[in-house]
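Number of protein chains: 4
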Amino acid sequence: MSLNTFGHLFRVTTWGESHGPALGATVDGCPPGVEINEAMIQQWLDKRKPGQNKFTTQRREPDEVKILSGVFEGQTTGTPVQLMIENTDQRSKDYGDIVEKFRPGHADITYWQKYGIRDYRGGGRSSARETAARVAAGGLARAALGVLAPQIEIKGYMTQMGPRGIDRANFDWDQIDQNPFWTPDAVAADDWAEYLNGLRKSGDSVGAIIEVVARGVPAGLGAPVYGKLDTDLSAAMMSINAVKAVEIGDGMAAAMLTGTENADEIRMGPNGPEYTSNHAGGILGGISTGQDVVVRFAVKPTSSILTTRKTITKSGEDTEIITKGRHDPCVGIRAVPVGEAMMACVILDHLLLHRGQIGENRGKIG
Amino acid sequence: MSLNTFGHLFRVTTWGESHGPALGATVDGCPPGVEINEAMIQQWLDKRKPGQNKFTTQRREPDEVKILSGVFEGQTTGTPVQLMIENTDQRSKDYGDIVEKFRPGHADITYWQKYGIRDYRGGGRSSARETAARVAAGGLARAALGVLAPQIEIKGYMTQMGPRGIDRANFDWDQIDQNPFWTPDAVAADDWAEYLNGLRKSGDSVGAIIEVVARGVPAGLGAPVYGKLDTDLSAAMMSINAVKAVEIGDGMAAAMLTGTENADEIRMGPNGPEYTSNHAGGILGGISTGQDVVVRFAVKPTSSILTTRKTITKSGEDTEIITKGRHDPCVGIRAVPVGEAMMACVILDHLLLHRGQIGENRGKIG
Amino acid sequence: MSLNTFGHLFRVTTWGESHGPALGATVDGCPPGVEINEAMIQQWLDKRKPGQNKFTTQRREPDEVKILSGVFEGQTTGTPVQLMIENTDQRSKDYGDIVEKFRPGHADITYWQKYGIRDYRGGGRSSARETAARVAAGGLARAALGVLAPQIEIKGYMTQMGPRGIDRANFDWDQIDQNPFWTPDAVAADDWAEYLNGLRKSGDSVGAIIEVVARGVPAGLGAPVYGKLDTDLSAAMMSINAVKAVEIGDGMAAAMLTGTENADEIRMGPNGPEYTSNHAGGILGGISTGQDVVVRFAVKPTSSILTTRKTITKSGEDTEIITKGRHDPCVGIRAVPVGEAMMACVILDHLLLHRGQIGENRGKIG
Amino acid sequence: MSLNTFGHLFRVTTWGESHGPALGATVDGCPPGVEINEAMIQQWLDKRKPGQNKFTTQRREPDEVKILSGVFEGQTTGTPVQLMIENTDQRSKDYGDIVEKFRPGHADITYWQKYGIRDYRGGGRSSARETAARVAAGGLARAALGVLAPQIEIKGYMTQMGPRGIDRANFDWDQIDQNPFWTPDAVAADDWAEYLNGLRKSGDSVGAIIEVVARGVPAGLGAPVYGKLDTDLSAAMMSINAVKAVEIGDGMAAAMLTGTENADEIRMGPNGPEYTSNHAGGILGGISTGQDVVVRFAVKPTSSILTTRKTITKSGEDTEIITKGRHDPCVGIRAVPVGEAMMACVILDHLLLHRGQIGENRGKIG
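Chains as they are written, first to last, in our numbering: chain A, 313 to 678; chain B, 313 to 678; chain C, 313 to 678; chain D, 313 to 678.
Be a bit skeptical, because a hint or two may be false.
A pair counts as met if it fits within one copy or between any two copies, since identical chains are not told apart.
Below, computed lysine to aspartate or glutamate pairings styled on EDC-like, alpha-carbon distance capped at 16 Å [unchecked claim]:
no., residue 1, residue 2
1, 622, 573
2, 626, 577
3, 622, 586
4, 378, 398
5, 676, 629
6, 378, 502
7, 359, 604
8, 378, 523
9, 513, 376
10, 366, 350
11, 626, 586
12, 676, 412
Simulated from the structure, these hints should not be mistaken for laboratory data.
Put together the whole structure using the sequences plus the hints.
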């Protein structure tokens, strides 16, 4: 069995394989009356689109989204929105070794072990191509957030590539959109370009860390105890291809702190509570505090590499494999818009969930 | 709204507050015919029970579980199993400051902002006491696993306390149950005892890292793409009180590796595929490989500390707070059996989900 | 596997067997700030309670509800509400034939075939005793409706007992609470008393039809296309023990009508649309119209009767059975408060679901 | 919010409007290894297709299904199957009155009241055209049943048209596919042809009753207490457009019986238990008995009729309406394959759910 839906009220079901006729997202639960059109979604897909520079796969797909349902005269109707992206560049000619051999570090072997059948063309369902559908759904979520909570701003960026991290002193919000790595550190961007070029030439790949921040999230979102905001965010990020870890706020480093160091102190500000720090990443007890919601996740290096690796065949023989083809040397780059999309979907979902309160002035402070 | 259920087929709903009459877990979907009794569950609760040594809260609760339904003549019947733990030590006399003030780093403020009402007695629903219900449910999951997959072994242990990590060279599986920190490193155990004593005396607390391993998990468990085994594990662990990060296998460190370093090579062994390393933590593409499933999570330091901290009151005035009372200086210690319980529940759930295959020899290798 | 939860946002999980230590309902998703106490729930349980007159089982249970969680200082907190009813009259002495034989028309045989284990004491989980938990949850739903939509009134009554139906000309709303059959027709009440006495003496039982009406339900509730208001109502009613059919509005009779006869014409009234008739039972396209929501369901006769019937044993031998013990000659009577409870839960659930609208004046007419 | 998914493990999400670019079903949870192609699904769509004879709408759609995902080399892969039907005959020119007026008996008014926006073209999402997606999903469910339980046979047929019912003495299983009404009674077929012609000429419509039978369903399917087989079947059928009632076995008539008359007696047959009658419709306590599963549902008459009816406008003015256009005089006819599809989906879903049993010989009789 597979479980291809996420979300409680804003429910996104993605479908499709890397080299099938199409892939997409069936979005159920988008509120009615949200202005939306294909161009509004396309802008986010373009950000993730392959083939934009030499640091991402050279597979060229226009990745053009079509809205097949749920929208009438430019507005959502409250019925399911079907977002479809046709696969136009389906080079099916040659999958060579992959048909019989399992790439180490890849889902080839586990899909076979689970299902006993595997669409080996481009990784099939396990391909990162699935994330295009997430980005499309995220575009719709952003449009709905634009109506329900226009103050919310969501931004993702890369903070680490392999052993090389950014220098937080160089952090420049406006720099993010100006380099191929979506990093806020211009110095790191130059460094990474050179580093990644070297790796690519040597037929290798590398991991990365992505940070996604949501600003302007109101306090009170999150559904304890198993639908906590951080629980849902960690599930959302961990479900992205190649992600191996998720951190909220200080994340793993919180383990190193004492209680005195860790707890963010509170003062009363003109518009409500203010915090003197944000170790918590904007979430306490699974509920948003009103501070920036900060999530970080680690993306492992692409397993499809040009270096020879030991593996076995479907019939159980020891062998070796080199993966030719058009692969991202650092899949983390294209994971940035995907992380943003997941953040948008989760925040919207919890905004919708939060609407069951009784009374106007409940939970006010001051 | 709140979402207090987790699991797809083995569904656990926990309920109850720290100082209400009782708390428990309503478990729906346990297969019939599993031998179970209260003592089998009690052994795990005893592991988590407070007041066992000076490193955990001195609140003394017998934490005695009662099975109210779903079991007949010592076997599960396939109907819901109600596991109830009565709260016997409800000191309700004095909550002092907590009634009006919010503890920094605690869910006090967000529960208030979400619900507009808050059971302040002992943290109410946000108390780590909720995890007793998880441990009880985990005990039932272990019993079911004992029938369905008796080769599976689940073990949790502490690998880091504040700035002090274990030395993997000292790793001794048999040491885990022999020290109050459930750590496999006897040297670390001594070091931590001294360190924690100092912290406790100074009225402070500290974070920790817990690792949970499941051995013997068959290949093929996990439901891509939003019910992946690692997705569900990360949600399960992140939902535990005070957890701020979750790692699978190499976790955050995977970002630092190259593709050549990261991918676990495969060789054919006598009983199927074998791997030369386990960077993946036993999961590829969200599906188990048959290797050890390795999860790690960070627990932040207790926010209820004896040190004065800045905060505000419900009416919005700046003030300070010191939290007296019986609190764990390192909640991470008691998170060990909780992490094990979550692992047991998730593995069982995916075993049950996996039973929809068609054909006996599907997905075999060799 | 079993599925013991219903509802989308107001989620009720019932648990417990007829002769176990207790049964109850775990209610997740009740909005915070609802005033509730045990007496408010008890009033509905008392309506369903056995042993009140000679027409219901003589089993005497106080059926006293305890609130174990989710309520603080008389108000719901937004966390799970655990409602427990202890089984005090567990005569376990003698189950005689039922241990080895299957009662015809009863779930004895199918529970055995499904689970391979069966709590035969009083029917175990398949006992109508499970409905006490529904009534308790319904009491909480009514309290929440009292805050969110105090104009809503829910009333159930019996319209048919065996071959004898009520005369709609005698319909008297105030009569319903004044006879042991909850019927609005005083003449029928007298007739049924005599009829049922005869049946009881002859060791037989009889079926019934219950109608449940909700007045004051606002237009717009219902979630097309698989969470329609009538879909959820029909599932809710069909899930009650012994129910074999559910009708909305004209129900089966709608099949006999022409389009001209069936469609309720609309006129504009002072407060919005008004309808000249209510064939639709207050629901069009799965969404409430603002008219009375009308549901009807058929309850089959009790299968535990004093008449000899042919059956088989667990070991597959032909035999006969007479069911002694304390059984309702017409279980339909006690199904009335159960139907009301299900209506309350479904209406509340859809009220909560409906709160995702954008904009204040959307969907207004006139 | 809308809820457009049904099923527990075989999950079907339908999407699309009557006059949008396309509609379809996203099917998640189909087991891998099921042979499927478009022709296998098309056969069921052709049965439902409009414009086949003068008794159904003259809208002519090829209703051609395309499989966009989840199938590789003619077999399901265990990933989501996207089934798309493009809308080719979208006459959008003239919707006349419907834009401003609400058709009595139609979802026009309630969709407006719920969502505040309405795709009036052909009824939008509330159109019976949505059922094409169900039939496609049902085709896939039948293919999976063909592998998992090839002995199961599912058949729907019409038993009543307006005031005219079939004569059960004429029941001929082979007659069903030989008349435009899918009725087993050839005499009724002739009678109905004449009757419906008259109605159509007079600009009226009429209701119908459909019966769906599943033969060969193994004992033990159904998940008490809220996922009972009859509960899920009644929800499935009630969710079909224009359905107002659902019956299992004797249905409403069970209310008229005594316990002696109603309970199906049991004898031991060569292959297990046999029943001397089937009042229960093959379901006891929500679990299948192994007998024929029998469901019946009432379809109200089409509300789009050529007769003048009183109604109001969106701006709240009293007016009248006549609905021109291509409408079915008896929508019940085309509901037959839809009812079959829902039966197939529900039975498959419960077959998959049932696979959590422990032990081979559990629940055997004899």
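How the hints compare with the structure:
no.	hint	result
1	622 <-> 573	between (47 Å within a copy, 13 Å between copies)
2	626 <-> 577	between (57 Å within a copy, 15 Å between copies)
3	622 <-> 586	between (55 Å within a copy, 11 Å between copies)
4	378 <-> 398	both (9 Å within a copy, 13 Å between copies)
5	676 <-> 629	between (66 Å within a copy, 13 Å between copies)
6	378 <-> 502	neither (36 Å within a copy, 47 Å between copies)
7	359 <-> 604	neither (23 Å within a copy, 37 Å between copies)
8	378 <-> 523	neither (29 Å within a copy, 39 Å between copies)
9	513 <-> 376	neither (31 Å within a copy, 48 Å between copies)
10	366 <-> 350	neither (27 Å within a copy, 40 Å between copies)
11	626 <-> 586	between (58 Å within a copy, 13 Å between copies)
12	676 <-> 412	between (62 Å within a copy, 13 Å between copies)
The structure does not agree with the numbered hints 6, 7, 8, 9 and 10 stated previously, though it agrees with the rest.
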